[in-house]
Amino acid sequence: MVLTLGAIAGLPAHPLVVHAAVVLVPLAAIAHLVTGWRPAWRRSFAIPVALIGFAGAVFAWAARASGEALEDRVKDAARAVGQRARFGDHPEQGDAAFFWAMLLGLALIGFAVLAWLERKRELPRWAPLAAWGAVVVIAAVATATMTVAGHSGAQLVWKDVGNFVRGG
Numbered sequence: 000m001v002l003t004l005g006a007i008a009g010l011p012a013h014p015l016v017v018h019a020a021v022v023l024v025p026l027a028a029i030a031h032l033v034t035g036w037r038p039a040w041r042r043s044f045a046i047p048v049a050l051i052g053f054a055g056a057v058f059a060w061a062a063r064a065s066g067e068a069l070e071d072r073v074k075d076a077a078r079a080v081g082q083r084a085r086f087g088d089h090p091e092q093g094d095a096a097f098f099w100a101m102l103l104g105l106a107l108i109g110f111a112v113l114a115w116l117e118r119k120r121e122l123p124r125w126a127p128l129a130a131w132g133a134v135v136v137i138a139a140v141a142t143a144t145m146t147v148a149g150h151s152g153a154q155l156v157w158k159d160v161g162n163f164v165r166g167g
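In case it helps, numbering that gives the first Met the number 0 puts the sequence shown at residues 0 to 167.
Be a bit skeptical, because a hint or two may be false.
As the list claims (entries may be wrong) - Label-pair ranges, simulated between beta-carbon atoms: (1) A143 to Q82: 25 to 35 Å; (2) P47 to A153: 55 to 65 Å; (3) A153 to L50: 26 to 36 Å; (4) D71 to S43: 43 to 53 Å; (5) V80 to I7: 36 to 46 Å; (6) A6 to V80: 19 to 29 Å.
Don't read these hints as lab results, they were simulated from the structure.
Every value quoted in this text rests on a predicted model; they were computed, and no experiment measured them.
For each residue, glycine too, the CB sits at the ideal point set by N, CA and C.
Sequences are here, hints too, so could you generate the full structure?
This is the structure in structure tokens:
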């Protein structure tokens with residue numbers, strides 16, 4: 000059974016939950032970039048940063064599930080009036096953003112475990128820095144894919160509004 004998230008208080012859930020993912024994924028990426036490279040900061044902030052990454056992943060899942068529900072709803076409405084709904088590359092971009100947000104959430108949890116192990120055991124000095132660098136790469140891709148998906152979604156919704164406002 001697939002859990003879908005269609006509406007919140009009668010409004011499509013997608014535009015409501017997508018904003019959390021679009022904010023939390025880059026926030027987790029920046030927080031990791033800033034705090035993960037220094038041992039004292041890594042030990043202090045790895046768990047809060049992992050929680051931000053986990054929340055970003057959860058909201059990315061909610062954005063994907065609600066986006067699929069909204070896509071079905073829009074297709075049905077378009078079909079009812081003899082039209083075809085057009086989404087461009089947004090669904091595929093959303094899938095990529097979801098994948099990388101999940102990977103980032105898992106990587107940040109793994110990094111928090113590594114930071115905890117660093118306190119308890121002797122790890123090679125290079126291990127936390129290598130892990131930090133690997134997570135930075137994942138974070139960069141997650142942020143980029145989330146930005147691309149968010150931008151294409153905004154264009155789908157708002158591109159014609161600009162013409163209306165300008166009178167064109």
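Checklist entry - Broken hints, numbered, in rising order? => result 2 and 5
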